[in-house]
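Asker: For reference, the chains in residue letters:
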Amino acid sequence: MAVTSEVEKRSASKAPGVNGAEDPGKGQSERERLRMMMLIRRFEEKTEQAYKTPRKLPDGSVAQLIGGFCHLYSGQEAIAVGIAAVFNKGFDALVNGYRCHGHSLALGMDPRAAIAELFGKETGCSKGKGGSMHLFQAEVGNHGGHGIVGGHIPLGLGMAFAQSYKKTGGVTYCLFGDGAINQGTFNEALNMASLLKVPAIFIVENNGVAMGTQVERHSAEKDLAKRGCGFNMPHYHVDGNDVDVVMEEMKKAGDRARRGEGPCYISADTFRFRGHSTSDPLKYRTKEEAEKAKLRDPITLYETRLREKGLLSDEQQTALEEGVAEEVNRAFEMAEADPNPPLDSRFDDALSETYPYQPK
Amino acid sequence: MPVIQLRQALREAMSEEMDRDENVFLMGEEVAQYNGAYKVSEGMLEKYGPRRIIDTPISEAGFSGLGVGAACMGLRPIIEFMSWSFTWVCMDQIVNNAANVRYMSGGQYKVPIVFRGGNGIAHQLAATHSHRMESVYARIPGLIVVAPSTPAEAKGLLKSSIRCDDPVIFLENEKMLNEMGEVPDPKDGDFTLPLGIANVERPGKDVTIVSYGRALARVVRPAVEHLANDHGIDAEVIDLRTLRPLDTTTVINSVKKTNRCVIVDEDWGYCGMGSGILFKLQKPLFDYLDAPIEYVHSDEIPVPYNHYLEEAMLPSVDRIVASVKEACYR
Ligand SMILES: Cc1ncc(C[n+]2csc(CCOP(=O)(O)OP(=O)(O)O)c2C)c(N)n1
Ligand SMILES: [Mg+2]
Numbered sequence: 035m036a037v038t039s040e041v042e043k044r045s046a047s048k049a050p051g052v053n054g055a056e057d058p059g060k061g062q063s064e065r066e067r068l069r070m071m072m073l074i075r076r077f078e079e080k081t082e083q084a085y086k087t088p089r090k091l092p093d094g095s096v097a098q099l100i101g102g103f104c105h106l107y108s109g110q111e112a113i114a115v116g117i118a119a120v121f122n123k124g125f126d127a128l129v130n131g132y133r134c135h136g137h138s139l140a141l142g143m144d145p146r147a148a149i150a151e152l153f154g155k156e157t158g159c160s161k162g163k164g165g166s167m168h169l170f171q172a173e174v175g176n177h178g179g180h181g182i183v184g185g186h187i188p189l190g191l192g193m194a195f196a197q198s199y200k201k202t203g204g205v206t207y208c209l210f211g212d213g214a215i216n217q218g219t220f221n222e223a224l225n226m227a228s229l230l231k232v233p234a235i236f237i238v239e240n241n242g243v244a245m246g247t248q249v250e251r252h253s254a255e256k257d258l259a260k261r262g263c264g265f266n267m268p269h270y271h272v273d274g275n276d277v278d279v280v281m282e283e284m285k286k287a288g289d290r291a292r293r294g295e296g297p298c299y300i301s302a303d304t305f306r307f308r309g310h311s312t313s314d315p316l317k318y319r320t321k322e323e324a325e326k327a328k329l330r331d332p333i334t335l336y337e338t339r340l341r342e343k344g345l346l347s348d349e350q351q352t353a354l355e356e357g358v359a360e361e362v363n364r365a366f367e368m369a370e371a372d373p374n375p376p377l378d379s380r381f382d383d384a385l386s387e388t389y390p391y392q393p394k
Numbered sequence: 049m050p051v052i053q054l055r056q057a058l059r060e061a062m063s064e065e066m067d068r069d070e071n072v073f074l075m076g077e078e079v080a081q082y083n084g085a086y087k088v089s090e091g092m093l094e095k096y097g098p099r100r101i102i103d104t105p106i107s108e109a110g111f112s113g114l115g116v117g118a119a120c121m122g123l124r125p126i127i128e129f130m131s132w133s134f135t136w137v138c139m140d141q142i143v144n145n146a147a148n149v150r151y152m153s154g155g156q157y158k159v160p161i162v163f164r165g166g167n168g169i170a171h172q173l174a175a176t177h178s179h180r181m182e183s184v185y186a187r188i189p190g191l192i193v194v195a196p197s198t199p200a201e202a203k204g205l206l207k208s209s210i211r212c213d214d215p216v217i218f219l220e221n222e223k224m225l226n227e228m229g230e231v232p233d234p235k236d237g238d239f240t241l242p243l244g245i246a247n248v249e250r251p252g253k254d255v256t257i258v259s260y261g262r263a264l265a266r267v268v269r270p271a272v273e274h275l276a277n278d279h280g281i282d283a284e285v286i287d288l289r290t291l292r293p294l295d296t297t298t299v300i301n302s303v304k305k306t307n308r309c310v311i312v313d314e315d316w317g318y319c320g321m322g323s324g325i326l327f328k329l330q331k332p333l334f335d336y337l338d339a340p341i342e343y344v345h346s347d348e349i350p351v352p353y354n355h356y357l358e359e360a361m362l363p364s365v366d367r368i369v370a371s372v373k374e375a376c377y378r
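Read top to bottom, the protein sequences are chains A and B. Just remember that the numbering used here sits 34 ahead of the position in the first sequence, which is counted from 1. Just remember that the numbering used here sits 48 ahead of the position in the second sequence, which is counted from 1.
In isolation and in its complexed conformation, chain B is listed as follows (with noise of 0.2 Å):
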């Protein structure tokens, strides 16, 4: 299999679709000429021209808005958000036009679009620009909310996301997209993933570990590694990948197994991602728990932009290592 950056895993899925669907385009800001903030559409424009691959003004709203208009008229527009912390001056597009014409329109509309870009940290770009949206979308009915944390997941993803007649929210990470990884041919046949599926990544008997996107990638992998290799704990991972609708069911045979569960995430706790999962969990889980179900996040304070600060209020393999070992009991 070829391996390949998570960049451009979300490049060929892009192309590919586009190439597929004469509907498909490409819009945000410095998707084109720029070649992309972060150079995913990289010679994108030079191949699909500039009807398909579009610039916008800073005005995400609008160009937000557009995407869903022209998705209620039948086209499938790709939205690009140079980042997702850049969506609190367009959620009312997101949420009241992309979530809801469907429901308040009794039915009359398909809004088959994707919106996506980095989502939450990504280094010392302090409170305004680093916030984990996925449980601000997450919550919303009409919405869909995946987040691929390897980049064949973020092809096969991002594909099917394209081709889902609903509304996507497709949370990506800056600092995950030089990340390299085995991805299947093109030339092998078309590369899909399902949504609405979570992935058990890892097998293990001790303990059900919950994660997606940028944690799972950056902390839980090597606490994981650490668990078994140090503290002989073997853990079983389960990578969400879509976070709405949440594939519970996966998740609840996992803990009824290893009857322990830790929670991952790099949101706030208090009303964040993980708290929308224990919801989900506690109660069919109750009479199958050896232990509390453990959350580990970020610290409830503004992003710092100093590096150590920021590291400090992060999820780390220590604080992981440490809420596994109180779940299991050790």
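Same shape as in the complex, but just chain A (with noise of 0.2 Å):
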């Protein structure tokens, strides 16, 4: 598989050693990578559980934990951790639409931020103004979490112009899911891009469906790849579920829009195993399509292969699934322990500055 970083070169030059008992270190950012999909799948299963778990309070009511909208990523995780494998913090961008929570954490959102904005409060990376939808940390150049199917299309083209602009070296992973490239903001914004040059990566993150419609239904074109035809840059398709796959193509297409070759389309397939959002029944899907996909499970996946090759024992791999659980566990309760933002909150952050404004 695709090795790309200068450690990796280094360790995959050595033989393998049992269990990756020789050497502690070889195999690290490996079961790294792991452990992130593993934190991600965790999260978003408790998540689950306390969206579906009313707490009841000391008064007697009942307090719904998480509100609103609360769309899942388990069975996507390759891709988040894939491209934040190969992101360059401090320089790179992504934006995303409102399935967020997988990249947050995959580029470095402490687990507390995350939770703590579903729940609403002020510890909240957006200090519970944006819930679910819109996770932002923009100090490391995650631009959210946007909840308009496709409308933060445009703003992964305005980060990626900004860049060039500016001549930052940054590139911008712009993701959006199926649904979003029937929008006319995809057709805008891959268009300007190419006629611009703009260091942006699009990526249609193929989950098969639109909330409850396949894309079979709503593509004309079944093989989205090819729905980045007509733009004059690359497009191509990859297997979302592979994270040494998505990490080496992404790690092209950022190379590539960093040496000025200008942007590019990926495809990448792969699976949502949950309902559309925390309240959606998945009527419309057979046992048969379930049970397929979890055979392409992206984390039993790179789990099989790690073993493969060496990198994992069975200790580390318990050893990450404990720690994982215990990180998430200790977030949620610590967030449900955090305060609510103060009532009057709800004023500041609509401005930056004071009015009237007189310019100095």
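By construction, these hints were calculated from the structure, which means they are not laboratory data. Because the structure is a prediction, the values reported are computed rather than measured. From the three backbone atoms N, C-alpha and C, an ideal C-beta is built for every residue, glycine too. Among the hints, a few may not be true.
What the hints assert, rightly or not - Among the chain A residues that face chain B by a calculated CB cut under 8 Å, a handful are:
(1) K161
(2) A172
(3) Y199
(4) G203
(5) D383
Said to hold, decoys possible - Listed below are the simulated DSBU-like cross-link pairs for lysine-lysine, each with C-alpha atoms no more than 35 Å apart in a straight line:
(6) A:K60 / A:K86
(7) A:K200 / A:K123
(8) A:K200 / B:K328
(9) B:K235 / A:K394
(10) B:K373 / A:K394
(11) B:K328 / A:K394
(12) A:K328 / A:K285
Stated by the list, open to error - Label pairs and their in silico Cβ distance ranges:
(13) B:P105 / A:H252: 23 to 33 Å
(14) A:Q98 / B:P105: 38 to 48 Å
(15) A:N216 / B:W136: 14 to 24 Å
(16) B:P251 / A:G203: 53 to 63 Å
(17) B:N226 / A:A384: 51 to 61 Å
(18) B:P105 / A:R293: 21 to 31 Å
(19) A:H252 / B:W136: 16 to 26 Å
Using the hints, put the two chains back together into the complex; each one sits in its own frame.
Answerer: Take a look at the structure:
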């Protein structure tokens, strides 16, 4: 499989040890990627549980910890983690739709800040003003979290434009779902990105369905890579369940964009394990379909590969699983105890300036 | 003071700000090689080059959203719309992205962007091209809405808008671009006007007329002369300049003195700009008013193409005079 970073090149050239036991450092970055996929999965499982379990308050009333819409990332982890593995923090930008828990964690968001945002707490990454669909951590290049299907694609274009205007050397990863490519913004943004030759990588996370409408019913062209035709930019297809493949392709696309060769469009095939949102009972999916998808679970696939390469022992796997469970549990406990934002804070952050405004 | 066209005032404002700050750029349909659909950006491509004066395809959502993304990353885009009427197709970018991203990220972004272009009726363009968009945008928290009524205001307010760290909706009018007016000479220093402050452009004692932009220039000013000369009514005229945030203090102080108020705009009345202004005035002024507040607005119909029908639907000098007399019980 794709060997990308220097560290990996060096480790790959050594003979594999027995279950990675010889050299504890060996396979560390691989196991870190596995850990992150596990963390996202665990986070989403716990989120679904919290969403569906109202809490009894001391005064006897019942409170919903998580409100609104909540879209889980389970099954798609390899895409966010693969991108994060090649993401150049401090330079690169990432912008996504509302299914944004996965990329936020993968780009290093403290799970407590993420779950606190879902709880609407003051300690949430967006101070309780964004919720599940609007997770932001601008300082690491995580630019959301956007609720309107396809609405953020031009933002990704603009971020890449800024990177090229300022010659920062950064690139923008702009992610969206298969349903979003039917929005006009997809056409407008990809066309302009190519004309302006900005360093943007457009990635459709093709999980086969837009809410309850399968790709076959929403896209006249079933091969979504082909929807990238007509923009005079490379467009291809990758296995979005294989974190190594995602990494390799994102690295290539990123390097190309960094060299000033312009944008590209990648269709990454994956599968959404859970319903569209936590309130979706998944009535439109057959058992066979779900069973088949389980065989391509990105986490199991990667575990198997790491074992085969001797980079993951039983003990290591158990330690990773227990580690993420503990981390997620702790984050949820802390976030639940965190305060709601003060009511007056609702007036904050609408504007940057105070008015009347007189420039200096 | 030099007397220049409003169009040139806009160009001077953009050019001076581009000279001042490398992060300012201008983008829109036909702004570069064509020199601007209405020649506002004439010569700017030659002066600043294609990196900073950028032509776009006809993709309002694409380039307005590009501007918002670039602003989030620290640039200061000026996005020109050929007409504000065309922003119905990209409203999501302006409302959900420009206006909301700071708030829903808990204050993680500044969005220093100016969207500008011609607003309102520009003579015989019919219903699709004649929208008055002020009330659409002035009701959105997170946006600043500005409407100049003279060349000097166009320059001073646009320069402030470009420097402002919030998204500004800058409403020009195609039919005003040729208007001439005195604008301070750049040699005499940097000329800016504050955002969020209305201007009492004519003091008067009998009635307060509140207006802005094209309606003020086209019909309010002539009507006021008429009222003074032919009806003995001394009107105080307030040019709002900024529609959001609204400078209610200046309006309220004026009406406390005159006890009568007439609002004039070219919007539709119901849920129109003037209705929003009325909402801000009726309670604080209840005890000071000697008559109900009058609101002169366009007829509530799509804008017709025919010259006479179009004229007939708009506020006119006669309608203003009649409403002022009504408010003054004359
Ligand atoms: C403009 C708009 N229309 C409709 C919706 C409601 N909606 C939210 S997600 C969604 C399905 C999108 O599917 P897809 O783009 O494939 O992304 P996925 O949910 O599979 O990640 C719909 C219809 C919306 N948020 N925005
Ligand atoms: Mg989908």
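Asker: For each hint given before, does the structure comply? Return the numbers of the non-compliant ones in rising order.
Answerer: Hints 4, 6, 8, 10, 17 are the ones this structure does not satisfy, whereas the remaining hints hold.
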